[in-house]
Structure formats: C-alpha cells, structure tokens
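Modelling step: build the complete structure from the supplied sequences, incorporating the hints.
Note that the protein sequences, when read in sequence, are chains A and B. By my numbering, the letter at position 224 of the first sequence is numbered 224, and the numbering carries on one by one without gaps. By my numbering, the letter at position 108 of the second sequence is numbered 108, and the numbering carries on one by one without gaps.
Derived by calculation from the structure, the hints in this document are not laboratory data. Among the hints, erroneous ones may be present.
Once the Cα atoms are required to be at most 27 angstroms apart in a straight line, the calculated DSSO-like pairs of lysine-lysine come out as [to be verified]:
| hint | chain 1 | residue 1 | chain 2 | residue 2 |
| --- | --- | --- | --- | --- |
| 1 | B | 269 | B | 279 |
| 2 | B | 425 | B | 409 |
| 3 | B | 399 | B | 409 |
| 4 | B | 105 | A | 271 |
| 5 | B | 399 | A | 267 |
| 6 | B | 399 | B | 425 |
| 7 | A | 87 | B | 399 |
| 8 | B | 269 | B | 105 |
Reference listing, derived: stretches of chain A covered by chain B, where coverage requires no fewer than 3 residues with Cβ under 8 angstroms from a Cβ of chain B [what the hints assert, rightly or not]:
| hint | segment |
| --- | --- |
| 9 | 88-94 |
| 10 | 175-182 |
From the three backbone atoms N, C-alpha and C, an ideal C-beta is built for every residue, glycine too.
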Amino acid sequence: MRAAWTTGAEALRARMVNPVQLAAPSPEAEMPPYMESFLAHLRLLIGVPFDYLVADSRLLPDESIRFFYLDRSWCDRLVDGALSVGKIGTREQAHHQAHAPQAQQQLDRTERVVRILQRGLQDFPSAKQTGDQNPDAGQIVTGLLLRSAAVSGWPQMDVRAFSGDVPAGIDPSQVSNSLVMSLLRLERLSPSVLIALFQGVPKLVWCEEPHHGVQFAVQENGRGGFFIPVRDASGKALLPSNAPANQLPVPFRTGGRRVIAVAQLRKDIIKKDQDLSTHTGAPHLPAQTGAAGYAISVLSPPWRQRFQKAAGTFSGGINIASAVERPQLAVAIKSLLK
Amino acid sequence: MINQFDPPRGSMYLYDDITPPTVDGSYKMTVSTNINYGTSQSAPIDRFFDIVGPRFTLDPTIVTSVFPPRNGQGSYEDSLPQIVFSRRTFPWERRIDSDSNPLPKPRDNSNPPNGDIPWVALLLFEEGEFTLLQNQTLESVVPVHVFTALGSPANILCDAVEADAGLLQSLLPSREELQLLCHVRQVNVEDRELSAGSSDGFFSVVMSNRLPAPNTICRACLVSLEQRTDLVRADPPAFEYDLGSRGNVLNLANEVGGLSLGLPVLLAKTRLVLLHSWKFTVQGPGTFRQLMQQVNIGMIGQTAGNQPQLTDTGHLHLPILDRAGENEIAWYRGPLVPWQLTRDPLGPYHSADQCRRATPETGAEDVSYAAAFEVGRQLAAADARLAQELMRWRRESYKQAARADTITKVQAAIAVDLPTALNDKLRAPIAPAVSVSAAQALASGGLPVADRYRINIAAHTAGMDPAALATTWAIAADQAKAILGGDPATLGAVVAPVAETPRPNVTLEQVAADTAGLNRLATARDTLLQTAILKLGKPTGGTK
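This is the structure we're talking about:
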C-alpha cells in the first residue's frame, strides 16, 4: 500500500511555518503533491481490490504464473473516477475537461517513480524531479501475476526483467543497464500472490530466491540421503553436481534426528580434497582451516528461474519457456592479522 | 566507507573467527610505580574493572537476521537454520570453559580447526521436544558446579529451555563442531540486504547442525554453553551416511536400549540458558526450484484447460443486477489483458455511465471501464486528504482563471501596457502592476502643455485652415495660403514647448549656504513691505 505521504506532526509544522499553505514558487497549475502521488499509485493499480484485477479465480489458479499487458484505458478510467470526487457541477467538469490532458501527461511521468516512493528511497519532490527528466509519454506496461507457494515461502523474491537475452548464470551486476527493464511495481498482493509491472515488453524474466543472508543447506539425493556439491575455494560448484564424483554424502548422527555429524563431514571434505589432488588439474576444495571453510562447503546459492520467450503459441510479446539455473556466488576465506 | 579490504560487490569474505582482545569478565589492574632514592620503594595500586557483554540475556537488537524467517512457513527441510549478529566478536566474547573447569580434550586431536571455541550454540528443537521456561533463577537452570564456575552471580533471572538429557546430547555439537558452526562473514556494505543500517559489513553467524524435518513446527534456540563442561563432549557420537527412508522416524532402539541399560541420564531433564529463540513451520510442497518448475505458465486468459468462459476479446460474462432491478449478464474485463490495447483517446470521462459500452453484436453491456471508474472514485472518496487536495487543486485553478480574466479586462478598459507574461507569473500581484503602468502612461503619454494660446487649435478651425479653404472654394492650395496671409505658418506653425529651465535637485543645506540668494530674497521682501506701507498710508507698522 501507499506509504503515508506526511504525518500529522509534519502537516502541523508545515501549516505553522507557512500559513498561506502554498509555497510561493510552487506553480499552481500542477497537481498538489499528495494528489499526484495518489493518482500515480492508482495508475499502477495500487489499492485496487484483487477481484477487479482477476475477476475469476480460474484466471489465476494455484501454482501458476500469468503474464499480461496493462490496459492503459482501464487505468485512465480509474484516475477519471478518482478525479470525479467532489465534482458537483459544470464548473468542476469544465475544469477536469481542460486539465485532463496535462494531468495524464504528468501522471505518465510520475508513475515511473512510484516504486522509489514505495521503497522510501526518496521523498516525493526529489522523486518527481527524477521522473520529470524523462518526458516521454506513457509506454507499454506489462507484468506478471504469480500465485505460488514460492511466494509465501520465499518472501522478497527477486524479480528482474530484461529487454534482451542474457546468458544463463550471469551475475546481475554484469548485465548491461540498457537491457534491464525498469520495474514499476513489485509487491505481494496476498501471502501467496505476487504482482510485478514492467515498463516495456520483456524478453526474459528472472525470479530469483532472495539473497538476504546467504544460507546454508544440503541437497537431497533422492534416495533418502543428502549430499553437498563439491565446491572449490571460491564457492563455485564443480558442475555437474549430479555426477557422483561431485557429490559429498552428508554424514548424520545415528538416531534419525537429522543432526549432521559436522566434524565427520569436515574430515570427509579433507579426504575428498586429497583424493582430487591426486588427479592433475583438479581444483582444490576450500581449505578446512576452520569454520569458514566448512561454511563455504555447505553454502546454498539462490536458485534462479528464467522465463523466456520461445517459439510458441501466443502471438503476444511475452510467451514463455522456463529454465532453472543456479548462479554462482563468489566467496573467499580470509583471516584477520593477529 | 569503502576501503581496499572490503570485498567487491556480490562477493563475501569468510573468517574462521574474530576474537576480542580481552574476553568479558572481571579484571584486576595493578599499577605500580618504583621509586629509587637510596632504597627502592614501590607504590602499587589495585583497580578493578569489568568487561561486560551479553551473558544470560541477549539484547535482540544485535540479532541482524535469522533463517528460516521468524514465524515463517515453507519448505526449509534442506536448510540449516542460522542466526546472524551485527557484532563480529559476539560468539567469542566469553570463554566456554575455565582453567578450573576445563572442557575435555578430544581423543583424536590431529587436525583441529582454527580459532577459539564459541560460547553459544544454535539448537533446533521440534515441537514437543522442549519446554520454554521464563524468568528462572540461574541456580535452577545450571548445575551447582557450573554455577560456581560462573562465579556464583546473585539474583540472575534468565530464560531457559528444558529438554530430555538424552535428546539434548544427541543434538548438542561437540567441542570441535562448535567451532565449525560459528564463523564471521564480511559482505560488501552496498549489498543492502545484510548490512542493516550503518554496519561495517561484518557479521558473525551461528549455524545449527540439525536439518528441520518436513511437516514439523520447529524452534531454533540460541543457548549459552558457558562453563557447561558437563554437557559439551570432546568427541562427536557415531554417524551414518544414509538417513534412509526412515526420514524423521526416531530410532527408538537407541534410546530404549539406553533405557534398558538403566542410564538414569535418559529420564533426567537438562536446562540451558536461552538467549534467543524463534519458531518456524516446515511445510510446503518443495524447494524453490521444484515449485518454480511446476508453475503453470501462460498469458492471462489464454491458457487451455480449466478456464472460465471468455469471449474472444477476453471479457468475462458476469451476472449483475442493473438499476432497474433486473438480473443481467454483463461483460467485464480487468486491467490485465493478454494483448496490447490502444489507449482510449476519448477522455476524460465524467461519470461511470459515460464509460458503459454496449457490444453491437449481442447488445450485452460492457461494464469494464465503468467498474474502473467506480473503483477509482471509491478509493479516492475513502481518502479524506485526497478530497481536500482535489478541492485545493480546483480552487487554485479557479483563482487563476479569475485572475486571467481580470488582466484581460483591465487591459481592454484602460489601455495600459501591463508587464509581459503577467498571466504566467501566478504569484505576481495585479493591482500594483496596473497602477505602475497607468502612472507611467500618464507621465509619458500626455500631450505637450506648451500651446498656451490654443494657436494650434485655432489653426485647425475651418476658416483658418488653408486646406479647408482650398476644398471649400475649390481653389488651389497656394491661393488659399495666399488668402490667409501667404505664409503657411501664419497660424499653422507648430509652437514648440518652451524649454524648461534645468533645476537640479538641491538639499536644504545647499540652499542655506547660498548667502547671495538669501540676501536677494531678504531685499525683495523689504521692498515689498516698503511698498505696501506706502500704499496703505500707515506711518509705521509693527508687522514684520
């Protein structure tokens, strides 16, 4: 939801220091900031009840992702409706009729900075300044709705859209900025429904496991046991991890309580490293000096799901094939000088 | 602050441990001065100080994050729970043992991990395996010899977790494992997620050694192991590689076997000082990867299979009750459509009814945009502040319009040159601008006042004007001029205004300093008085 634009205390203060209420340099032809911000949020369907977006639940069944274009006329009508509040006579109507083109133009710009406002990165005046630098008219807006247990289980999922193809496994910081499409909105509508809006038509969309706090995990081998992939000292898994040579079975304490025998696992890693070092050219596993080496071995880099246009059935822009990949994560062991 | 030792973006550095220079505790500092004068004399002074840190309770603000998320629900069965602290030295700030109460040494000490042994451990319990106790006295939580080794602190209340001693032993990391489960990570401070606030990028991490079982409610407990030499083992217990299909089923044989041996420890409960704990539920259809691979993909409203009846324009048939009270089937399409649509140029709309459309083929009503209009109206009406701002927006526009009208009318009425773009300078006041313009027009735009005798006007009277005479009498212009005196300028000459005497501005001081002028004035006044006296015939006068 929209963050409060001002607090009661701030409003009172503004009123006290500026009793005429309007700063002299603010050109009155523009919309008041609160109103502009409200309408720009509305343009991106923020606050619109979910039933209006998806009128039949079968349009977005469980465990599904649906891509869409945004019907700009629909959003314009939302704004028209909002502006009709307090429209009691022909005077207001004439005013709206006269101002509507400018208002629409301004909102086309301001809607691009709504996400900045939602994240609280900037206050409205500076965000608006950013938005007004791009005077282009409103462009195509597309987006996706994802209803999945992945949304509730992995809050703050990372969603990125690209206007061109990007090689698999690449680090987001290495993708050229011109390919990255600006994200207008990324929000959870309910615990398990996520909406994202992009500016333009993407060729590729990523959904990535959240990065906050790199986690540690083991993988199931499908036979009731667990393994960790063999990694080198920079955390890079020696692919493919489905080859047994690149798997390290995880020892557990007896008793079936799923307690990892940590000390034994460390011994196994050391032994594996010695085994590999007999082959020339085989990379080294992280040195098991202590906790850091162990931590690298059980790192769990985030999964990344790619949705990509493929030769497909839909004539529209975003038709999608999907693939999962596991990007790399660079780590290094350091020790402090003592 | 970014320096060369910081990891590059997207990378992180890991450290085995970062120990504080001095661990927490009470210290005695002896300062002594030796003075040599004849004999040597020393004057020692003893001072005591404490280094304090979290011990029996933990300020939650130093916990940066926990995983799995607090009260989270998801398929965490492959993840190791972890807790992250914003203080890099936290797990090593206390010693786990002391010289008088040492931890047992492991049998095989061939390749020990680096670093000190941390004093905390993260234990994972399933629902039912533990009891949380609040505000317990320390004496009731730890055994007597541990309490003594802790220094017998008085009046300590702490939280505790209680579990079967046997269970606890099967969970508790051994001495070496404790070391392996704690590390420090340094991230790039620009990686916003981890570096909360003004952090330096260093975080200490304590990991658990237990995987949560599927479909359980778990609680991760950060416990203090300070001086718990009764619990921490030197060597870890036996292990196996295959968890097998047993999964989460408890291997009762072990514990029952233990019971049959009559070990009293199995029935006993053990309590640990609890520093922090959180709960999460392990439930969910699978990992992120599995979930995302199963996701059904498509454009909205364009998938085969279980799909509501849609028109080929993507509209839904929805039953509505129209305002005549009749049940109707209307068409509705939300803002999310499978194709790119052109933007309706016929805006703005002033009422919902204006947005209603009828489909020509079937006559059915399309209420999509009317619904959008109503949603927008209701959302706006629900926001009191927005209504105020709307009013303000309109009021300002009305004011502007009134102002523009005033300017136009003033200009038309008195023909003054108002400053350019006064219309756009919204805050510039009109009245002063008008009066300034009018005064300027009066000062500069009037006729010359030099034609004192109205010669110019007289010259334009019919009889005096040679041109009028020429047309009236149908004679040549030269003849007309000759009749009127022969000179075209007899009357028609334009009389130039008399040049004004330049009178520079002077100050009072300058006037007072002009003695010659003042003298002339005085003489003139005397002459006037003299004349008046003579005319009135009064001999003398007291008037001065």
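Non-conforming hints, listed in increasing numerical order:
Result: hints 5, 10 break, sorted rising.
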